[in-house]
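Residue numbers (our numbering), protein chains in the order written: chain C, 1 to 235; chain B, 1 to 235; chain U, 1 to 235; chain P, 1 to 235; chain X, 1 to 235; chain D, 1 to 235; chain H, 1 to 235; chain W, 1 to 235.
Hints in this document: simulated from the structure, not taken from any laboratory.
All figures in this text were calculated on a predicted structure; none of them were measured in a lab.
By construction, the Cβ of each residue, glycine as well, lies at the ideal position given by its N, Cα and C atoms.
Careful: at least some of the hints might be erroneous.
[Said to hold, decoys possible] Have a look at the derived ranges for each label pair, beta carbon to beta carbon:
#	chain 1	residue 1	chain 2	residue 2	range
1	W	Asp74	P	Asn69	54 to 60 Å
2	U	Asp71	X	His84	34 to 40 Å
3	P	His105	U	Asn69	56 to 62 Å
4	H	Ser181	P	Asn69	54 to 60 Å
5	H	Ser181	X	Glu70	48 to 54 Å
6	U	Asn69	D	Gln90	46 to 52 Å
7	U	Asp88	D	Asp71	40 to 46 Å
8	U	Thr44	X	Asp74	49 to 55 Å
9	C	Asp154	B	Tyr152	39 to 45 Å
10	X	Gly20	W	Leu86	18 to 24 Å
There are 8 protein chains.
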Amino acid sequence: MNYSDEDILKLRKEPYVDLGFAKVDTHRRLRQGVSEVIYGAGKTKEQILEIANTLVKSGDETILITRINEDTKDYVVHGLNIEHVLYDIQSGACVLGELPKTSGHGTIVVATGGTSDIPVAEEAAITAMALGNDVKRLYDVGVAGIHRLFHYLDDLMTASVIIAVAGMEGALASVIGGLVSCPVIAVPTSVGYGANFQGLSALLSMLNSCASGVSVVNIDNGFGAGYQASLINHV
Amino acid sequence: MNYSDEDILKLRKEPYVDLGFAKVDTHRRLRQGVSEVIYGAGKTKEQILEIANTLVKSGDETILITRINEDTKDYVVHGLNIEHVLYDIQSGACVLGELPKTSGHGTIVVATGGTSDIPVAEEAAITAMALGNDVKRLYDVGVAGIHRLFHYLDDLMTASVIIAVAGMEGALASVIGGLVSCPVIAVPTSVGYGANFQGLSALLSMLNSCASGVSVVNIDNGFGAGYQASLINHV
Amino acid sequence: MNYSDEDILKLRKEPYVDLGFAKVDTHRRLRQGVSEVIYGAGKTKEQILEIANTLVKSGDETILITRINEDTKDYVVHGLNIEHVLYDIQSGACVLGELPKTSGHGTIVVATGGTSDIPVAEEAAITAMALGNDVKRLYDVGVAGIHRLFHYLDDLMTASVIIAVAGMEGALASVIGGLVSCPVIAVPTSVGYGANFQGLSALLSMLNSCASGVSVVNIDNGFGAGYQASLINHV
Amino acid sequence: MNYSDEDILKLRKEPYVDLGFAKVDTHRRLRQGVSEVIYGAGKTKEQILEIANTLVKSGDETILITRINEDTKDYVVHGLNIEHVLYDIQSGACVLGELPKTSGHGTIVVATGGTSDIPVAEEAAITAMALGNDVKRLYDVGVAGIHRLFHYLDDLMTASVIIAVAGMEGALASVIGGLVSCPVIAVPTSVGYGANFQGLSALLSMLNSCASGVSVVNIDNGFGAGYQASLINHV
Amino acid sequence: MNYSDEDILKLRKEPYVDLGFAKVDTHRRLRQGVSEVIYGAGKTKEQILEIANTLVKSGDETILITRINEDTKDYVVHGLNIEHVLYDIQSGACVLGELPKTSGHGTIVVATGGTSDIPVAEEAAITAMALGNDVKRLYDVGVAGIHRLFHYLDDLMTASVIIAVAGMEGALASVIGGLVSCPVIAVPTSVGYGANFQGLSALLSMLNSCASGVSVVNIDNGFGAGYQASLINHV
Amino acid sequence: MNYSDEDILKLRKEPYVDLGFAKVDTHRRLRQGVSEVIYGAGKTKEQILEIANTLVKSGDETILITRINEDTKDYVVHGLNIEHVLYDIQSGACVLGELPKTSGHGTIVVATGGTSDIPVAEEAAITAMALGNDVKRLYDVGVAGIHRLFHYLDDLMTASVIIAVAGMEGALASVIGGLVSCPVIAVPTSVGYGANFQGLSALLSMLNSCASGVSVVNIDNGFGAGYQASLINHV
Amino acid sequence: MNYSDEDILKLRKEPYVDLGFAKVDTHRRLRQGVSEVIYGAGKTKEQILEIANTLVKSGDETILITRINEDTKDYVVHGLNIEHVLYDIQSGACVLGELPKTSGHGTIVVATGGTSDIPVAEEAAITAMALGNDVKRLYDVGVAGIHRLFHYLDDLMTASVIIAVAGMEGALASVIGGLVSCPVIAVPTSVGYGANFQGLSALLSMLNSCASGVSVVNIDNGFGAGYQASLINHV
Amino acid sequence: MNYSDEDILKLRKEPYVDLGFAKVDTHRRLRQGVSEVIYGAGKTKEQILEIANTLVKSGDETILITRINEDTKDYVVHGLNIEHVLYDIQSGACVLGELPKTSGHGTIVVATGGTSDIPVAEEAAITAMALGNDVKRLYDVGVAGIHRLFHYLDDLMTASVIIAVAGMEGALASVIGGLVSCPVIAVPTSVGYGANFQGLSALLSMLNSCASGVSVVNIDNGFGAGYQASLINHV
């Protein structure tokens with residue numbers, strides 16, 4: 001991809017559809033290779049349907065919406081009259097349209113420290129699937145019983161990217177980072193209480209990982225991790 | 001790469017050289033594909049020389065040492081009697097031995113918001129070079145004069161990974177993240193004063209980036225960004 | 001305006017109406033050129049009506065009340081028997097009486113990073129309108145798709161003051177601040193999650209802006225930004 | 001001022017001079033009406049001289065450099081062979097070349113709470129003077145002896161903009177903000193100790209001011225306040 | 001009052017009544033001159049009645065209970081079959097039994113910055129009344145309209161202790177502290193939003209007051225301020 | 001206990017039962033001497049029953065579940081058809097099966113500063129009982145009336161471990177730590193308000209205890225304290 | 001004392017001496033009964049001498065200067081040619097002129113937790129002495145060996161005010177507050193390390209004291225405590 | 001040990017030696033079984049010698065002093081004319097007199113994550129040795145190369161207490177806690193930079209450990225961990 005001076009002018013001329021409350025970036029698939037994702041939190045179901053409709057009209061075949069409840073999902077699915085729907089009730093992640101064929105260098109492994117981290121992990125996994133990646137889930141493999149993690153050494157060693165999702169002290173990212181030779185995207189979760197401070201402990205832990213090859217996204221940001229992992233898997 | 005049960009036993013038997021004050025992980029190049037890097041801060045020059053010597057004896061041809069001053073560099077270079085040395089006095093990053101030939105998918109771009117961010121950027125750039133990557137530097141292209149950044153749109157659009165290094169409000173990472181389709185590794189720096197709180201403002205900014213495809217490493221952690229970028233460039 | 005010793009004595013003698021629960025500053029329009037604004041949050045509808053009544057009796061023709069719900073708005077409108085009412089349900093901002101004619105040096109532009117920042121922006125816009133300013137809204141022009149912002153370069157370059165409203169990493173303020181030559185009032189919003197810490201990330205970001213000419217008000221303080229912008233527009 | 005499509009192309013073509021370590025924005029005076037200011041902290045005297053030289057060559061007649069020590073000042077003055085120099089040793093602010101004639105709507109008042117706040121205030125005052133404003137200083141008028149402030153009510157009431165500089169609890173900004181009808185730019189300083197947390201107490205205080213018409217810049221950011229005040233005074 | 005060795009033994013032998021869930025300090029009136037106060041938050045109405053009953057039986061004639069709702073108040077009043085009751089619904093402060101005659105050096109003034117600070121101020125005022133003090137209330141006299149405060153200079157100058165209750169930037173404590181020659185007890189309140197951080201801004205402000213003679217209690221701790229003021233008024 | 005190479009292989013082969021949403025560590029009783037405890041918060045009653053069932057089938061005779069409400073307790077008790085149940089409604093701690101006979105060096109004392117700290121203390125006490133310890137409770141003995149604590153000097157001096165549970169300023173841990181010669185486990189609670197910051201004040205207090213022999217667990221972590229105390233009592 | 005309207009005019013007319021860098025409040029002794037105290041930190045010795053001179057000329061017989069080193073003390077003593085000097089090298093507190101005769105209700109007790117808290121305690125004690133109070137020092141009586149404190153129960157029980165100075169966990173203030181019936185002024189110190197965070201732990205501890213009758217001043221603010229204690233002792 | 005009423009009286013009569021600047025707790029060995037430890041930081045060498053002398057005279061045969069430099073050590077050793085001295089220059093820990101014979105249940109293992117954590121670990125190890133414990137050191141076994149830790153599984157599994165010392169993300173404590181069945185005392189260190197915030201990341205990590213049986217002491221508090229471990233080893 002390459003920007004000429006003409007591109008800039010074009011960029012300035014027609015890059016989005018103005019809905020009043022939102023300027024939908026229909027140009028993004030061309031510019032960044034991925035169409036705009038609808039972040040559902042804080043939007044009404046009417047707004048979400050209208051944005052999704054705009055994306056469908058601009059030619060998107062697979063639409064990812066994150067953090068919507070079941071009622072909103074039903075409203076949008078009905079409104080678009082769409083056949084293929086993938087919806088995870090824990091995370092609120094939703095894919096409208098068929099999943100793309102898997103592409104990329106290899107498999108993205110999504111691992112969690114505990115059971116309560118699963119909703120964040122599912123947001124990451126579904127995002128990666130919606131962007132055309134092969135995904136393997138390893139849930140509840142935290143360091144309190146490290147033998148559970150070692151059971152999956154083969155999966156870890158052969159992944160192209162690993163997403164490590166953990167709350168509390170977030171040690172999972174460092175332990176995995178010390179074992180593997182692929183990039184690790186760490187997702188701190190707000191799982192915990194007290195001096196966890198809504199995910200701060202896991203966040204600081206992961207930022208200070210003694211293992212090389214670990215980078216971090218925002219607390220509970222499963223979507224960001226899945227998106228970044230997909231970019232890496234398609235470099 | 002694949003771990004059999006025998007691997008674990010082997011792992012337990014001879015993976016490191018014990019120097020008393022340090023257990024040098026000479027096995028790391030086999031396990032993770034990259035030899036151990038010497039983090040110089042807080043180590044004496046004698047300790048650094050001894051660790052470097054251990055790595056040389058175990059067969060490493062290129063040794064990366066970060067955060068050492070010129071005196072320590074001279075002491076180690078003299079002690080090892082090494083010919084090829086790359087040393088950046090601003091960051092204290094040092095490569096002993098010849099740089100490996102560049103490999104990987106493409107170019108790693110290292111961009112900074114301002115002049116004061118350059119030492120952190122150099123640590124990232126030299127790390128990436130020591131790990132066999134083609135590196136391009138774009139310094140002082142922060143958003144206070146955004147036309148300077150747009151001048152390099154072609155470099156940004158064709159990179160395989162971008163490392164965005166910025167202090168103060170750290171907006172550079174978001175602006176770049178919104179323009180490109182490759183992974184962006186954001187490095188907050190401690191450049192600034194007052195409500196910057198030693199890099200906290202840039203760190204929080206980057207973690208909350210509205211652009212997808214951005215992940216973050218620790219404040220001033222140029223090494224971590226260069227290492228992660230290299231892993232991505234070699235996926 | 002000028003304070004003589006007699007002014008001080010007068011100041012001490014009759015500057016407010018004491019309602020028991022509040023001392024209404026009916027003197028403010030004389031002293032500061034703007035009548036007292038009723039901050040609705042945490043007051044009962046009876047209290048708000050009583051204060052509004054006091055202002056009406058003291059001669060105010062336009063009364064601004066912020067952060068009230070629809071029920072309170074109806075109660076006050078009914079109680080005052082007022083004809084002209086402007087009410088925005090998202091922000092809870094309400095203007096009783098006719099809007100003053102626009103005055104001041106030029107146009108105040110109110111820009112937001114995303115859709116969720118609109119309620120804060122509306123509080124700013126309505127405040128500025130109630131104080132007699134010409135206001136132009138540019139919503140959802142955040143840096144994740146920076147071409148949307150550039151589409152409005154003409155509006156930005158010709159504004160007399162710009163209010164930049166953004167949550168998450170708040171980069172919008174820096175990018176606008178780097179482009180224009182008028183004062184920019186930045187309003188961090190609490191939009192976001194995780195390491196956003198209820199608006200702290202945007203607040204620190206904006207305080208550390210690398211662009212000159214940016215000053216900041218409290219998180220979600222649309223009213224404060226609109227008020228300050230109006231003062232500037234009328235200097 | 002107005003951006004045409006041709007402007008953007010021009011913007012992309014020659015907007016700065018590349019010095020390697022810095023990209024000097026020689027285009028800024030055209031774009032923003034004010035030439036680039038050299039932030040001296042963290043730059044060598046050689047770098048500062050080279051940047052200043054570039055600005056002189058591009059036609060700037062008055063150059064503002066902030067936060068440099070006397071030695072650097074002498075080095076730069078000697079290197080440029082400049083006649084008119086204004087230098088304040090407390091703040092390190094320096095103006096090379098003649099001060100421009102005062103312009104703008106009126107007077108900018110710079111007030112401080114205590115004696116220790118004066119260096120920050122001087123940075124603000126000198127910045128405003130370098131940008132062509134009439135400046136009046138009111139130092140050591142903090143609320144611990146509020147009669148000292150009232151002594152200057154006339155100066156406060158007739159200012160076009162007021163810069164309120166205070167450390168500790170920063171109450172000065174609120175008290176002034178409650179008295180006047182012009183915009184107040186509040187500058188928290190790091191003056192204080194203990195629970196002051198390097199200026200945090202004054203910063204939070206000023207952001208939460210109960211007075212309308214107060215906006216805030218970074219801790220100790222006298223330059224930012226002076227710059228913003230000048231923009232306001234020239235709206 | 002004086003502790004002999006025998007006192008210690010006595011202290012060890014019968015200083016409280018054990019209710020299982022609480023050890024009621026019936027000895028406190030003897031030891032500290034004030035009977036135990038019942039902090040109602042987090043206790044059931046049955047527990048509160050049982051503790052109050054124990055205090056009544058041990059001879060207390062006036063019982064102060066803080067932070068209870070109306071239902072609990074009715075339950076306890078009914079259960080104790082008590083005639084004289086003072087209850088403030090805003091703060092939840094309740095006095096059972098007749099108020100003691102006022103004693104002490106002079107008047108305790110309770111001042112608030114705004115209307116929303118009144119519940120905290122009432123807790124302070126009622127506490128001081130329950131401990132036998134003459135109390136004068138000055139509400140809504142914050143620095144945004146400082147003339148309202150000056151109206152009451154005589155009350156302030158003749159107080160024996162002043163309790164200054166304020167949220168937001170808490171400047172009221174400093175301004176009063178700079179005017180008077182009696183001790184000022186500052187009570188930060190959680191009134192405000194955004195960078196107020198639930199009262200942190202007012203707390204830090206008051207701790208860093210540039211005025212001498214100001215000490216501080218916990219956020220929203222009206223009881224603590226009233227209690228301390230009473231001790232001072234009875235020194 | 002001793003790990004041979006064969007142990008590691010065994011560790012890797014069958015250490016847990018995979019329930020999909022959880023990997024139950026049925027091996028833990030062998031490895032750590034204590035069977036897995038079910039942390040109830042954030043799990044459905046169906047999940048808890050399934051995990052408990054797995055533990056029963058693997059041979060556990062006493063099962064500890066923390067933080068479940070009464071409804072969940074009834075559901076699990078019914079589902080397992082278990083006879084002996086200990087349930088504390090305040091803390092939500094539940095023991096299924098008979099309590100083990102007390103073992104260990106001596107008595108574990110659980111002390112609280114106030115009445116509101118009791119739920120956390122009960123979680124600690126029940127955990128210690130479920131792990132076979134003799135437990136003595138000393139509730140509401142905080143330093144505001146220190147004679148209540150001295151009444152129990154004999155119990156404190158003869159304990160083998162003491163768990164000190166306190167909110168607000170958490171001074172109880174330091175006072176006890178200065179009196180006794182056994183290990184003290186301090187549990188900060190979130191009891192308090194304002195500058196307590198949800199337990200932060202007690203946490204920092206306890207970490208900075210001037211008394212030796214005090215270590216600390218997470219805010220409100222009664223379970224962690226009871227578990228650690230039991231390990232110590234069985235060293 | 002009483003403010004008439006004429007007082008305000010007088011207040012406005014001649015309340016201070018303007019030294020350029022400072023406005024010395026020579027009127028303070030009249031207004032507040034105590035002459036202005038010179039806070040030495042951050043002032044040059046020349047400035048301090050000039051301010052002291054102004055106070056001497058305005059008739060002050062006892063001058064308190066805090067936080068000056070020995071060199072400055074000598075310079076000022078020499079410059080004023082003063083005979084009576086009290087100087088404490090640990091705290092830097094200095095009294096020029098004879099100490100006033102002790103007045104007030106009784107004795108002010110200054111107690112410290114440890115040896116390292118003594119400098120802060122001396123600042124408090126010397127301030128109180130300079131303001132005419134009888135002072136008794138109880139140093140190193142912290143709760144790690146609580147019997148040392150009980151040795152002085154008589155001194156504590158008979159004080160009119162107690163200043164409790166402590167770092168680390170600051171429990172001393174609560175323990176004393178629970179024992180006595182006079183006001184306690186708590187001074188957190190920055191003594192400690194790690195999670196002490198420069199005095200934050202002691203500060204939060206003291207603000208959350210479970211004992212009534214405790215108020216708090218800034219970290220290390222011995223002066224503020226001594227001043228407030230003197231006001232209380234003279235109510 | 002048991003406190004009778006007579007004990008309390010005795011406690012009040014002669015429990016310490018008053019040196020003016022310190023009250024040496026010579027009674028502590030009787031009361032707590034361990035003599036007072038001299039915390040050297042912030043004390044002069046003369047003060048330390050005088051305290052040590054007092055302890056020698058009261059019969060202590062082994063004296064532990066922490067955090068003194070070599071010069072102070074020499075001064076004290078010379079002043080006391082003591083023969084047996086153990087001094088570690090990294091941590092500043094010093095034992096005067098012969099080490100006691102080892103006692104207690106078993107071995108205390110001291111493990112560190114990296115080389116830079118060794119000074120804190122040595123403070124812990126020497127403290128434990130001075131209190132009569134058998135100590136085994138495992139240094140540089142952090143999770144970045146977890147095979148180094150597994151090499152010592154036998155040492156870990158047979159310890160009676162483990163002290164886990166780590167900076168950065170502090171994951172070592174959780175990994176060890178998940179493997180062993182003895183109590184783990186976690187010591188966060190200030191080793192790291194950036195978002196480590198002087199040890200905060202490791203501290204929060206350890207407090208939120210997902211492994212049971214882990215309690216925590218202050219950042220860098222090797223002494224506290226060694227002391228607590230000794231108490232546990234002697235329960």
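Hint check results:
In this structure, aspartate 74 (chain W) and asparagine 69 (chain P) break the distance hint of 54 to 60 Å, their C-beta atoms being roughly 41 Å apart. Checked against the hint of 34 to 40 Å, the pair aspartate 71 (chain U) and histidine 84 (chain X) passes, with Cβ atoms roughly 38 Å apart. Evaluation of the 56 to 62 Å hint for histidine 105 (chain P) and asparagine 69 (chain U) yields a failure: the beta carbon distance comes to about 40 Å. Taken as a hint, the range 54 to 60 Å holds for the pair serine 181 (chain H) and asparagine 69 (chain P), whose Cβ atoms sit roughly 57 Å apart.
Taken as a hint, the range 48 to 54 Å is violated for the pair serine 181 (chain H) and glutamate 70 (chain X), whose Cβ atoms sit roughly 33 Å apart. In this structure the hint that asparagine 69 (chain U) and glutamine 90 (chain D) lie 46 to 52 Å apart at CB is violated, the actual value being about 37 Å. With their beta carbons about 43 Å apart, aspartate 88 (chain U) and aspartate 71 (chain D) fall inside the hinted range of 40 to 46 Å. The supplied range of 49 to 55 Å is broken by threonine 44 (chain U) and aspartate 74 (chain X), whose beta-carbon atoms lie about 23 Å from each other.
At about 43 Å, the beta-carbon gap between aspartate 154 (chain C) and tyrosine 152 (chain B) stays in the expected band of 39 to 45 Å. Under the hint 18 to 24 Å, the C-beta atoms of glycine 20 (chain X) and leucine 86 (chain W), about 52 Å apart, miss the expected range.
Checked against the numbered hints listed earlier, the structure breaks hints 1, 3, 5, 6, 8, 10; every other hint is satisfied.
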